[in-house]
Amino acid sequence: METLVKTSRIQRLRRLSVETQPSLSIERALIETAFYKENEGKYAVPEMRARAFYEICKKKTIFIGDDELIVGERGPRPKAVPTFPELTCHSVEDLEVLNSREQQRYTINREDIDTYAREVIPYWQGRTQRERIFNHVPAAWKAAYEAGLFTEFMEQRAPGHTALDGKIYQKGLLDFKKEIDDHLGRLDFLSDPEATNKADQLKAMAISCDAAILFAERHARLAEEMAGLEEDPKRVAELKKIAAVCRRVPAHAPRTFWEAIQMYWFIHLGTITELNGWDAMNPGHFDQHLTPFYEKEIADGTLHRAEAKELLSCFWIKVNNHPAPPKVGITARESGTYNDFTNINIGGIRPDGSSGVSEVSYLLLEVAEELHTLQPGNSVHISSKTPNRFLHAACKVIRQGHGFPSVFNPDVYVSELLRQGKSLRDAREGGCSGCIEVGAFGKEAFLLTGYLNVPKILEITLHNGIDPLTGKMAGIETGDPRRFRTFEELYRAFLKQLNFVIDQKMRVSNYIDKMFAKYAPAPFLSVVIDDCIAKGRDYYDEGPRYNTSYIQCTGLGTIADSLSALKKHIFEEKTISMDTLLEALDSNFEDREALRQRLRNDTPFFGNDDDYADDLAQKVYEDLFRAIDGKPNIKTGGKYHLNMLSTTCHVYFGKVTGATPNGRLAGKPISDGTSPSHGADTRGPSAVVRSLAKIDQALSGGTLLNQRFLPDLLRQDQDLEKLAALIRSYFTLGGHHIQFNVVDTATLRAAQAFPEDYRDLMVRVAGYSDYFNDLHSDLQEEIIERTEHEGF
Amino acid sequence: MRTGLIFDIQRYAIHDGPGIRMTIFFKGCPLSCAWCHNPESQSPRVQKMYSANKCIGSQDCVRACPNEALTLTPHGIVTDMEACQLCGECVRVCPTKAMEFSGHEETLEGLMQQIEREIVFFDQSGGGVTFSGGEPLMHYQFLIPLLKACGEKGIHRAVDTSGFTKTKVLLEVARHTDLFLFDLKLMDPVRHKAWTGVRNEKILHNLKVLAETGVPIQIRIPLIKGVNCDEENIRETAGFIAGLPGEKRVVSLLPYHDLAIKKHERLGQTYRFGQLERPSENELRQIEKVFEENGIRAVLRA
Chain A
117 METLVKTSRI
127 QRLRRLSVET
137 QPSLSIERAL
147 IETAFYKENE
157 GKYAVPEMRA
167 RAFYEICKKK
177 TIFIGDDELI
187 VGERGPRPKA
197 VPTFPELTCH
207 SVEDLEVLNS
217 REQQRYTINR
227 EDIDTYAREV
237 IPYWQGRTQR
247 ERIFNHVPAA
257 WKAAYEAGLF
267 TEFMEQRAPG
277 HTALDGKIYQ
287 KGLLDFKKEI
297 DDHLGRLDFL
307 SDPEATNKAD
317 QLKAMAISCD
327 AAILFAERHA
337 RLAEEMAGLE
347 EDPKRVAELK
357 KIAAVCRRVP
367 AHAPRTFWEA
377 IQMYWFIHLG
387 TITELNGWDA
397 MNPGHFDQHL
407 TPFYEKEIAD
417 GTLHRAEAKE
427 LLSCFWIKVN
437 NHPAPPKVGI
447 TARESGTYND
457 FTNINIGGIR
467 PDGSSGVSEV
477 SYLLLEVAEE
487 LHTLQPGNSV
497 HISSKTPNRF
507 LHAACKVIRQ
517 GHGFPSVFNP
527 DVYVSELLRQ
537 GKSLRDAREG
547 GCSGCIEVGA
557 FGKEAFLLTG
567 YLNVPKILEI
577 TLHNGIDPLT
587 GKMAGIETGD
597 PRRFRTFEEL
607 YRAFLKQLNF
617 VIDQKMRVSN
627 YIDKMFAKYA
637 PAPFLSVVID
647 DCIAKGRDYY
657 DEGPRYNTSY
667 IQCTGLGTIA
677 DSLSALKKHI
687 FEEKTISMDT
697 LLEALDSNFE
707 DREALRQRLR
717 NDTPFFGNDD
727 DYADDLAQKV
737 YEDLFRAIDG
747 KPNIKTGGKY
757 HLNMLSTTCH
767 VYFGKVTGAT
777 PNGRLAGKPI
787 SDGTSPSHGA
797 DTRGPSAVVR
807 SLAKIDQALS
817 GGTLLNQRFL
827 PDLLRQDQDL
837 EKLAALIRSY
847 FTLGGHHIQF
857 NVVDTATLRA
867 AQAFPEDYRD
877 LMVRVAGYSD
887 YFNDLHSDLQ
897 EEIIERTEHE
907 GF
Chain B
672 MRTGLIFDIQ
682 RYAIHDGPGI
692 RMTIFFKGCP
702 LSCAWCHNPE
712 SQSPRVQKMY
722 SANKCIGSQD
732 CVRACPNEAL
742 TLTPHGIVTD
752 MEACQLCGEC
762 VRVCPTKAME
772 FSGHEETLEG
782 LMQQIEREIV
792 FFDQSGGGVT
802 FSGGEPLMHY
812 QFLIPLLKAC
822 GEKGIHRAVD
832 TSGFTKTKVL
842 LEVARHTDLF
852 LFDLKLMDPV
862 RHKAWTGVRN
872 EKILHNLKVL
882 AETGVPIQIR
892 IPLIKGVNCD
902 EENIRETAGF
912 IAGLPGEKRV
922 VSLLPYHDLA
932 IKKHERLGQT
942 YRFGQLERPS
952 ENELRQIEKV
962 FEENGIRAVL
972 RA
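Chains as they are written, first to last, in my numbering: chain A, 117 to 908; chain B, 672 to 973.
Keep in mind that a hint or two might mislead.
[Claimed, not checked] Below, in silico cross-link-like pairs of lysine-lysine (DSS-like), each with a Cα-Cα straight-line distance of 27 Å or less:
| id | chain 1 | residue 1 | chain 2 | residue 2 |
| --- | --- | --- | --- | --- |
| 1 | A | Lys690 | B | Lys768 |
| 2 | B | Lys837 | B | Lys819 |
| 3 | A | Lys158 | A | Lys294 |
| 4 | A | Lys684 | B | Lys719 |
| 5 | B | Lys725 | A | Lys690 |
| 6 | B | Lys725 | A | Lys684 |
| 7 | A | Lys174 | A | Lys287 |
[To be verified] Quick look at which bits of chain A chain B covers, simulated, 3 or more residues with Cβ under 8 Å:
| id | region |
| --- | --- |
| 8 | 390-402 |
| 9 | 793-805 |
Hint data in this document are derived by calculation from the structure and do not stem from the laboratory. The C-beta atom is built at its ideal place from N, Cα and C for all residues, glycine as well.
Produce the complete structure using the sequences and hints provided.
See below:
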């Protein structure tokens, strides 16, 4: 095995990528706006979208940097992020805020802002998705949204959460075009009333394939031009090779390891240029897809391990060059990060059920560790078939304390996907896109629709539907809680509010889905997701084999602990009256510190393997499941499911939620994912894991468990074996996901005091890692407050 | 014995034997080592502990005490131990758990229920239960049935002992134990008595007898500067271990840490030995060398 020395090429590329400040590029918006102004009304919507995409691929500035082997940027240069005015047209003020805000800043110069104001903004006024959505929403939805009961994902970004399967390594875009033509030829205009729509859609897909091929061809030409001017013979050879690779892919299927990586990268770029779907794009089981190329070339001596690693490193840095599209307002608060959540799934199982670990898996782990960039996120997938040595290698990377890889359990998520109705093969091809949510790669649209603030639902229940922070009605009247005589009465009221809020959420989600199907189809993305071509339908319009809408439920720990406090002190022991508690909550425990302490110290909390609290977590989880799972979305056969993700939304939700009965103060973050509340778990990680395992995780589309370990706990190699055993134990018990922060409080405090000295410090947030310095101070505090498991 | 007095149960204990373990701490010890990091383990009775840093001065305890034993001072709550009857009222009303009891009775069934919850971790890691203290052998009438019950479930059992016990008891316990963690502190009986309160002849004899049975023993040596780190003691220790019958030994070296001082405060005790220190890195390396020379592998715990 090579030593852990990055090649100087990779060092230079990495430095450039890490040190470049993200900026906004208005180029895409200008090309698209000019196209729309000229062509509005000429074509059916899908074709219009495809032609606009073609225009962008034809005209946008292309870039090949020094040292690069894998080429292509979405913007005109690394870390330059385009805007998508057809979805959300940023105002001048938005652009100024983006240029000057402290966290997640995107620079843009005055001239560009002026151009945007002149050329882009006037055209899109009244034509954006965001306006279509907000013009439609009913008052009850608005009240609940503004109270912070839920968020809405699609108001600034397109639905996405897409990962690919292996077909792009077998077929080039010309092969896909042939399929499209076949289906066009077979359309039945005599008896299929949908035939015209399908024809529009299929034509659009074919145009988008041409667009991506043209985009690659332009890179080939640029590489040749650069080769002509290059003096270093080694670089000349590389540039010629780049040109040859770009002529091969994506038009044709890749033949080599290099071509396979470049193939994926062009498809990735195409989908994130066409629209700004959530979670960028994801290669899925990248190691499994690359393994046949790797093994063949290693065997015939045309590729060395070190070369393969260098190519993977080049790809890795490419992903890091692509920060998330800028978000503003509530959307920025629910997901405040540059991370765009491409999550490289490593290991796992193959579609035939065998272990997916290969030498490429180890290579990817090495690359992740050595480069430790913000992006891409990465995860290891540990099934009962995964060799221990792979888990051990992953634990070694975890020990480094960058917050990755996160660890997933395919044995459980395959059963999640099967329960949702996928075939066994499609379920095994599945995995995690983004943070913790799972889907069938290459065959499913699994759209995250927004977060649900479960503790806030209890808060409005305790105030008869009113949001105590604003005094406005945010839910429905379910009675004065002072009159509730039993815990069950209170809980029934909570369920009524829960169902009301979820109905509001779903009503608008369904409308938004239709808006995307109608106004913002994604023909290029549709080409690579089964069965869009066969059905002649768009990714957003039932095209995929499976169509899932997820609602992400946040704050399980906070709600379980709060219910536990209410049940014990108010209804069972009757040592605190509801009146006293409500007064204390409404005053944020002012002059009631002793009461708050009693609630915190004398209540069974979730995460301690204590059935009293764990049963309540289980009950809430099952009722969330009943309220959400299986409800139809607007797509035939499509359904809602729940998952338990929070990203950074638990901080935003905490800000808009008053004091809670578990003694949490107003404005403090609620618990993240399915993790216990901060500081609530005092019996060590094995107790946490057992509490988590009491909820039937296969019912969801993903749970999230954050654990913070002191570095001392992982110092010796045998400590790593124990960590591996802890992970295996959790997975044996039915856990879906676990992730670790290995960093002590002193280090985090020092990083707050001397940010310059800790620019490299990465931490696990919720399903992804981020630079500690880039986090909002609330989120920094939240991470510090997570229970620190120490050595015993 | 129906119950045992336990002062702590730790899960995911990873330094008390192989794999992931549950460590059960018995209360009460015949020794009173100066460096004891669990001073609450020494007394075989329930004790009250008070943490000034958790106290918010609500004085609920002062009002609740039927014996008027508590007063609030600038340094927090002070208990008049003459007046205190350990009735527990103050512990019950304290909102922050600043006032706590150390030590509670556990039944065999209760403990087994808790142990069995951890079986999945034992299975995955090759771990098990470690009985520590205090001195678990002081509770042998409760310990032996407990060891048997674990044995019936196929759970790996480790016993962490000072070795200061009747040899017969030790041998009976050994019949139901898979691994001993045996603490060896000082070789000279007089110095041993000065630092731990008892002489060590019985301990050394017991270790030899135990080694003869062939039961696996991991010898653990706490290292405290100025107490037992001198070359003479280390050489004598290494020589003694080398002379034990049976397999080659691996010795764990546990350099002293001063986390215990706070605990002494919480028990309302003054720390009688002044400042104890951890040996320097240099000294630790010297000590390791001496063991090596005697053919013993020494593993240092950070």
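Each hint tested on the structure:
1. A:Lys690 x B:Lys768: holds, 20 Å
2. B:Lys837 x B:Lys819: holds, 20 Å
3. A:Lys158 x A:Lys294: OK: Lys158 of chain A and Lys294 of chain A at ~26 Å, within 27 Å.
4. A:Lys684 x B:Lys719: holds, 26 Å
5. B:Lys725 x A:Lys690: OK: Lys725 of chain B and Lys690 of chain A at ~26 Å, within 27 Å.
6. B:Lys725 x A:Lys684: holds, 23 Å
7. A:Lys174 x A:Lys287: Answer holds: Lys174 of chain A to Lys287 of chain A is near 23 Å, not above 27 Å.
8. 390-402: violated (count 0)
9. 793-805: holds (count 5)
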